[in-house]
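Those sequence lines, one after another, are chains Y and L. 1 is the number of the first residue of the first sequence in the working numbering; add one for each residue after it. 1001 is the number of the first residue of the second sequence in the working numbering; add one for each residue after it.
It is possible that some hints are incorrect.
Unchecked claim - Straight-line Cα separation of at most 30 Å, DSS-like style, residue types lysine-lysine; simulated pairs:
{"hint": "1", "chain 1": "Y", "residue 1": "LYS99", "chain 2": "Y", "residue 2": "LYS123"}
{"hint": "2", "chain 1": "L", "residue 1": "LYS1040", "chain 2": "Y", "residue 2": "LYS123"}
{"hint": "3", "chain 1": "L", "residue 1": "LYS1218", "chain 2": "Y", "residue 2": "LYS99"}
I should point out that these hints are in silico values taken from the structure, not numbers from a laboratory.
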Amino acid sequence: MIHAANITKRFGRTEAVSGVSFDLEAGASLALWGSNGAGKTTLIRCLLGVIRSTGRASISGIDVRRRGRHARALVGYVPQELAFHDDARLGSAMTFFAKLRGVSRDRATESLGLVGLSGHERKRVRDLSGGMKQRLALAVALLSDPPMIILDEPTSNLDAAGRGEVVETLRRLREGGKTLLFASHRPDEVISLAERVLVMERGRIVRDTTPAELWPTEKPVQVVRLYLEMASEADAADALRDAGHAVHLNGHGLCVAVPRDRKAEPIGVLARRQIEVRDIEVLEDVQIPGGDR
Amino acid sequence: MSAITSSPVSAFGSVPAAPPLVRGITRFARREFRDALASKWFLLYTFAFTVLAVGVSVLSLSGVGSHGFAGFGRTAAGLLNLIMLVVPLMALTAGAGSIAGERERGTLLYLLAQPVSRTQVLLGKYLGLAAALVCSLCVGFGVSAGVLAWRTGGVGIGAYAMLVGFTALLALAMLSLGMLISVVSRRTTVATGLALFAWLALVFVSDLGLMASSVLLKLRVQEIFGLAAANPLQSFKMAVIVNMNASLDVLGPVGAYASRTLGAGLPWVLAASLMAWTLIPLALAVVLFARRGSV
Chain Y
1 MIHAANITKR FGRTEAVSGV SFDLEAGASL ALWGSNGAGK TTLIRCLLGV IRSTGRASIS
61 GIDVRRRGRH ARALVGYVPQ ELAFHDDARL GSAMTFFAKL RGVSRDRATE SLGLVGLSGH
121 ERKRVRDLSG GMKQRLALAV ALLSDPPMII LDEPTSNLDA AGRGEVVETL RRLREGGKTL
181 LFASHRPDEV ISLAERVLVM ERGRIVRDTT PAELWPTEKP VQVVRLYLEM ASEADAADAL
241 RDAGHAVHLN GHGLCVAVPR DRKAEPIGVL ARRQIEVRDI EVLEDVQIPG GDR
Chain L
1001 MSAITSSPVS AFGSVPAAPP LVRGITRFAR REFRDALASK WFLLYTFAFT VLAVGVSVLS
1061 LSGVGSHGFA GFGRTAAGLL NLIMLVVPLM ALTAGAGSIA GERERGTLLY LLAQPVSRTQ
1121 VLLGKYLGLA AALVCSLCVG FGVSAGVLAW RTGGVGIGAY AMLVGFTALL ALAMLSLGML
1181 ISVVSRRTTV ATGLALFAWL ALVFVSDLGL MASSVLLKLR VQEIFGLAAA NPLQSFKMAV
1241 IVNMNASLDV LGPVGAYASR TLGAGLPWVL AASLMAWTLI PLALAVVLFA RRGSV
């Protein structure tokens, strides 16, 4: 479905994406995991052909640089936060995108129904909540029922309820056979949705793995996010790894996967090293797919 | 949310293809036109242009007792200076805000992630804005023509239509320049600043520069005419004066030279200059936008 060969993107002297290569089969689901600035968003934009890069990227064999609009016809894109004209009404926005995608108005109505936005057609985009905007972006992405959905941190601006709805929708899409590629900094999302994870650091893929290998613990697990002083995050990560925890620093705190009945353990480890934890967030229960560890 | 029942490939059997070039442009043009009609800048520009055009028409005719074509000629001469000030400002700022505005709001990225090309987006936006601008001008000219007909008992339709036509051409040329500025500007404020600079340069500095260089460099009359015709505003001014059946002698030796050497072909040369100012910046904008490495 996606073939990426040596994708490189520079912004001035900074190499945002550096020699990234991977293949993604049709019907598979792949997560891009990494800290802020790791290159996830830039890679997604390169794959969509929205920004120019070197190397070769194709979707279903269609070169995104040479035939970008034809390649993008096979993809529904959900950005981190929907940016569309605030004055536009939801119904007219959907009609515009439906025409652009060559589908009927009925399909636009149907697509709104799929994401639970029926009856909101008269609302203006600026009046939608963050969750509704994300659902609108998902409705636009599903308009032509493309075989592939690409999402850039689709739940980062949502509350727990909104996140749950979006993740559930994506889970159904995956079960329906859609190919999913998404960037995320939430382990629970990655574990729930992805079969495969590309860990990115400084624009490079440093690991091609699975959620079960990335968070090797018995299931079910919970992911605990610890908020620390920035300066102590690296030491904290080392301390937790030394204590046998799977840890990921991702720019939004420090994520630790723990068994459900041992959520306080990482705090104890850090307390012994005199590292202060400012806040703690317990993320949703996650089920590691396809593994007994 | 309802259950998602989408198929692995597509509910349509195959995914609809990306829109052909012209259809994609039309979609964007319609949306841009509708958005422009609903926007405050369009209403403000239309209102301002209409009020000024009617004001100039009334003032041109007041206390003179002109009738028919003579009345029109006086009004057109009054409108000429208004158009040369206001229309470039309208078109340059509208064009400058288009792509840069979408880029700054983050909407451009989302549009480009759809199955459309950059050329479709840019040309669609250009055509939509062009249609909105022409509508805005038509309102101003229409009301002004009504006043003219009421006060003088008639309007030279053909001559008035030519005035509107050349004004529309000037607006398209300035819109192209505005779009070019918009493509190369990262922020709306920068684009608007550059557009205002271009407006100042075309409206004031080029006139003064031409006068100064003709004296300092002792330019020949044909060189001065060439430089004047290369300025879209001067081309527009000469075209309107010729269109009013007036002699270009009012423009001095340069006008006399143009009338004598180009004769009936003069309006075409001036229209070609305006066309070139429309097509060249637009083509440059398309190329630069398509080659842009980032959004």
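(request) Sort out whether LYS123 of chain Y lies within 30 Å of LYS99 of chain Y, counting only the CA atoms. (result) 20 Å, holds
(message) Just to be careful, I want the Cα atoms of LYS1040 of chain L and LYS123 of chain Y compared with a cutoff of 30 Å; is the pair within it?
(response) Since the Cα atoms of LYS1040 of chain L and LYS123 of chain Y sit roughly 20 Å apart, the hinted pair holds (cutoff 30 Å).
(request) Decide if the proposed pair is consistent with the structure: LYS1218 of chain L and LYS99 of chain Y, CA atoms, cutoff 30 Å inclusive. (result) Answer violated: LYS1218 of chain L to LYS99 of chain Y is near 59 Å, above 30 Å.
The structure fails to meet hint 3 from the earlier list, while all remaining hints are met.
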